[in-house]
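Undergrad: Following the hints, complete the assembly by docking chain B onto the known chain A.
Given next are the chains, with one letter for each unit.
2 protein chains.
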Amino acid sequence: MRIGIAQIKPRVGDFKYNVERIYKYYLKGKENQVDLVVFPELSVSGYLHKDLIYRPEYAEDVYEALQQIKEFTELPAILIGIPTYHARPSLKGVNLHDPSYKTERNIIRKNRAVVVKEHKIFFSIPKTYRPDYDIYDEKRYYVSGRNNTLLEVGEEFVGVTVCEDIWVENGPVEKLSHKRNKPSIIVNISASPFFREKFSIRSNLLKKLARKFYVDIAYVNQVGAVDDVIFDGRSMVVNKEGETVWVGKVFEEDFGVLDIPLNKGDIGIVYDDTEELFKALSFGIKEYVENTGLKGVVLGLSGGVDSALVSVLAKDALGKNSVKAFIMPAPPTSELSVKLAEKLAKNLKIEYFNISINNILKSYIDELNFVNEDYSIVEQNLQARIRANILMAYANKHNLLLLSTGNKSEIAAGYNTIYGDLAGGLAPIGDIFKHDVYELIKFYNSKNPRALVPNDIVTRSPSAELKPSQKDEDDLPPYSIVDAFYKEYIENYVSYDELSEKFGQSVTDKLLWRLKKSEFKRRQAPIILKVSSSAFGPGRRIPVSHFYKYA
Amino acid sequence: MRIGIAQIKPRVGDFKYNVERIYKYYLKGKENQVDLVVFPELSVSGYLHKDLIYRPEYAEDVYEALQQIKEFTELPAILIGIPTYHARPSLKGVNLHDPSYKTERNIIRKNRAVVVKEHKIFFSIPKTYRPDYDIYDEKRYYVSGRNNTLLEVGEEFVGVTVCEDIWVENGPVEKLSHKRNKPSIIVNISASPFFREKFSIRSNLLKKLARKFYVDIAYVNQVGAVDDVIFDGRSMVVNKEGETVWVGKVFEEDFGVLDIPLNKGDIGIVYDDTEELFKALSFGIKEYVENTGLKGVVLGLSGGVDSALVSVLAKDALGKNSVKAFIMPAPPTSELSVKLAEKLAKNLKIEYFNISINNILKSYIDELNFVNEDYSIVEQNLQARIRANILMAYANKHNLLLLSTGNKSEIAAGYNTIYGDLAGGLAPIGDIFKHDVYELIKFYNSKNPRALVPNDIVTRSPSAELKPSQKDEDDLPPYSIVDAFYKEYIENYVSYDELSEKFGQSVTDKLLWRLKKSEFKRRQAPIILKVSSSAFGPGRRIPVSHFYKYA
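The listed protein sequences derive, respectively, from chains A and B.
Numbering-wise, numbering that gives the first Met the number 0 puts 144 at position 145 of the first sequence, and it's gapless, one number per residue.
Numbering-wise, numbering that gives the first Met the number 0 puts 149 at position 150 of the second sequence, and it's gapless, one number per residue.
Hints are computed from structural coordinates only; laboratory data are not their basis.
The beta-carbon is built from N, C-alpha and C at its ideal position, and this holds for glycine as well.
Mixed in with the good hints, there may be bad ones.
As the list claims (entries may be wrong) - Per label pair, the in silico range of CB-to-CB distance:
hint: 1; chain 1: A; residue 1: Lys211; chain 2: B; residue 2: Lys181; range: 51 to 61 Å
hint: 2; chain 1: B; residue 1: Ser505; chain 2: A; residue 2: Asn371; range: 50 to 60 Å
hint: 3; chain 1: B; residue 1: Lys181; chain 2: A; residue 2: His118; range: 54 to 64 Å
hint: 4; chain 1: A; residue 1: Lys516; chain 2: B; residue 2: Lys69; range: 28 to 38 Å
hint: 5; chain 1: B; residue 1: Lys294; chain 2: A; residue 2: Glu334; range: 37 to 47 Å
hint: 6; chain 1: B; residue 1: Glu70; chain 2: A; residue 2: Pro55; range: 47 to 57 Å
hint: 7; chain 1: A; residue 1: Pro477; chain 2: B; residue 2: Ser460; range: 31 to 41 Å
hint: 8; chain 1: A; residue 1: Ile106; chain 2: B; residue 2: Lys181; range: 33 to 43 Å
hint: 9; chain 1: A; residue 1: Ile120; chain 2: B; residue 2: Glu497; range: 23 to 33 Å
To be verified - With a Cα cut of at most 20 Å, we get these calculated SDA-like pairs of lysine to any residue:
hint: 10; chain 1: A; residue 1: Lys515; chain 2: B; residue 2: Asn398
hint: 11; chain 1: A; residue 1: Lys361; chain 2: B; residue 2: Ile364
hint: 12; chain 1: B; residue 1: Lys361; chain 2: A; residue 2: Glu366
hint: 13; chain 1: A; residue 1: Lys509; chain 2: B; residue 2: Thr291
hint: 14; chain 1: A; residue 1: Lys548; chain 2: B; residue 2: Lys8
hint: 15; chain 1: A; residue 1: Lys516; chain 2: B; residue 2: Tyr393
Next up, chain A with everything else stripped away, as it sits in the complex:
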């Protein structure tokens, strides 16, 4: 048996585009004389559709797309991911306020793997395990199903699983492997988001399963990004010895052709964590801009590392002509900051504007008797908000996306101004800590013949420069502590007692208080590209007006 792995980039809700994409890769399969082309989970509708699936037209759109796919599919057979609609067996469990009930009455949905062959649906199995932690809400949209029928391909058998089903201990993979007709391969169709450790986690899982059940496995992931969620592709084929035989490209569509049983492998791909992270963030920016139809991006350059990194990522993602920068000094801004910001913009060859906010700030101070030239929090916030106004005016004028430059350390500590530096549609580095910012700049500088990010940007002390001689460390513990603390708290769910022991009670109390008190800012934060197992955003749901000691 020969299979084709179609690692495609579907678009959420763009059925026409997705059908065309599937057709294109179906033809590639035909060319390569494969028996079966495998596409990612929900490749017909696009994944993360969220509540769009509640629209009454959605079922019709899915149906029509499937008809088109049936129409063109002769041989090879194709395995696609698609929501299917079923009559609800009874009204049991129905709440009248459930929108799916409101729109579709006695209809329920399943997240399915469907095989189309010679213009017909040849095979169909539902997803059993629906994730509902982190960013996932699959129980909201789909009912679970169980069907361990094997797919027949010629004289051989294929075990088919959908995404989460392969992650479950003693789950479908075990059942399929132990069927009387031992499958030649287990296929998993996925829409599996990127985060930094994900590739090795996936890889270890697939190798373990392959060895444990002595079966070849093909894992087919999509590529793309929807808002905060990045899909990295890197579909992976592992033989029964647990050797990697094929890996799809990262952040790009790809097509693999594999003969089953698989040959010996172990191609030993190693991704550099920093390079992978850089590419992920750049890809996330590019996808967001493309998917929203905006013309490019604008950002403020402060002469510090965060805005330096965001400008570098944006240029990498979109090219120098699609990135515009503003340098906006105020009285507390040092000459060095302006010089470094200008040097950076020149090095990157991006257009920049140098506009002092002194006069605008003065006009507020003149008009408002509660704002003084005193560098109080009120005035500091105002500086940040004047800059946001300028950036948004330019963004509105030219239909650009404002990039917010805050990192995860700052956003966790609430060390930012809502509607100020927290303004923007996308926060590309909002899920990486300060030390990662330095790592990424180091990586970028090392990649280029000369350091494009001036070294002085990297070596100077972090400062918001909203009052004279201000340093971040006046208000916060050193970033080495802030970063480690919030990583333990947010990503590893470490308890208060353990944190106190490690960081001291005073630091622990201060940083927890800051996190809790700034929840209202995060509620209105830009979309943050998710690159960790626990990012601020839809995967972390915290009330604002609560009384718990933690948040």
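TA: Just chain B now, with coordinates in the frame of chain A:
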């Protein structure tokens, strides 16, 4: 048997406070010689805890609270709502990235009704049906359980259900009613959010169930608000003839004492929809300010109906001294607007400041060559953002909450400025349409000896006044159409074809396009008090960067 209904207001995560509250109402029960005091769902921990429940300390806090409750409880018995923790039967279904797995390893949670009596846990049943539509994510936090054991109270039996379980056709109520030991009453402990039709929906359900199974029913709801979600109380006791015997207060704690079997009833409470809505919004503001510890609110008064209504609600919620208003005319602002805004503030006796933004606006125009005195979108947005800066500066200075004054019609159509009039921590009227705004002002004016909201505010044409002689109807269809259209689309899930037939294709396309294109603004919108079955916010999850024709 005599039962006490303790309609309390727990605080999310404030275990100490909640235990004290439970103690207080336990004593009321003792005083009234009841056999059982019934508290709302999750009354020990507070409802909507969201992801706070993932903290490793949460289980300990729950445990400690339960110990304290056991310590003081002799007789009467009390029925409380509490999360309970259980060893997971196997690792089946566990994903390594599930935070509950990360924090608690082999632990699962159930949302339970627990009876404590004479210092012991006497009875305990889990919730079976966990809502996961709209704002609910209960499958994220709890596993389902089934236990139809009846609670024994003396010689009698009580059927116990938790919230959603009573809403399910052929669900637990049927099973409990058909037990050999017919229960004297079915009790339901709830945390059931308010929306406008909710009281009659609840009431009809309870009456139908009571008659169908010929059983008395006591429905115990909490009161309070957490962010966007308002709990109205109005616990309800219905006899087996389907007559209402007792209803708890609306938006207040209450305690009811009832002898079972219930007497004849039908106390026939009728709530005026407009009055109820007014109270709900006022209550939502009050709770949010109290729960966040802010000192009061500030808002901009434009001389239009929306800001008039928000100022009225805020005064009703917090008193005149806790409401500050800014009138901020720009060149397009008419003299009438300023006059009406001032008159309103004077009528309401709230402190106001009149600050022209002309000079500030001019300072931006002077500094930025891409902003002109041309009333373009760029300049219009800038006006709105200058006002937001002024309001936020004052809010920062005095630790106040900025109220955003947008209504649902505007927010749906994106007829607002992000970081401008969409700035603010709370949008009290963001879930009511324009016509409701008028209704509420009419109601408020009728309640007072003289019309406190000047009549000219109500009768003039709506205008953002961001350019001279601008009218909302220049950009949008009349609000009668906008309101009806978005209600059908957002709340009733009406299809495109039906909308086109009703509103015409051009209006339909325009309003759907506006809705879709403004999703990015709603992603960063303030918390919107939910008073409809489908509000913008956590109950409506739409991607920003998608390609579907609708949103």
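Undergrad: Each hint needs a verdict: does it hold in this structure or not?
TA: Taking the hints in turn, this is what the structure says about them:
1. Lys211/A <-> Lys181/B: 51 to 61 Å: 53 Å Cβ-Cβ, so the 51 to 61 Å window holds.
2. Ser505/B <-> Asn371/A: 50 to 60 Å: The hint (50 to 60 Å, Cβ to Cβ) holds, given that Ser505/B and Asn371/A are roughly 53 Å apart.
3. Lys181/B <-> His118/A: 54 to 64 Å: holds, 59 Å
4. Lys516/A <-> Lys69/B: 28 to 38 Å: Given about 34 Å between the Cβ atoms, the range holds.
5. Lys294/B <-> Glu334/A: 37 to 47 Å: holds, 40 Å
6. Glu70/B <-> Pro55/A: 47 to 57 Å: Taking Cβ atoms as reference, Glu70/B and Pro55/A lie about 54 Å apart, which means the hint holds.
7. Pro477/A <-> Ser460/B: 31 to 41 Å: At 58 Å between Cβs, range violated.
8. Ile106/A <-> Lys181/B: 33 to 43 Å: holds, 37 Å
9. Ile120/A <-> Glu497/B: 23 to 33 Å: Hint holds: Cβ distance 30 Å, inside 23 to 33 Å.
10. Lys515/A <-> Asn398/B: Roughly 16 Å separates the two Cα atoms, so the pair holds.
11. Lys361/A <-> Ile364/B: Cα-Cα ~14 Å, so holds.
12. Lys361/B <-> Glu366/A: holds, 12 Å
13. Lys509/A <-> Thr291/B: Cα-Cα ~18 Å, so holds.
14. Lys548/A <-> Lys8/B: Measuring from Cα to Cα gives roughly 19 Å; hence the hint holds.
15. Lys516/A <-> Tyr393/B: holds, 19 Å
Figure legend: structure checked against the earlier numbered hints; the only hint not met is number 7.
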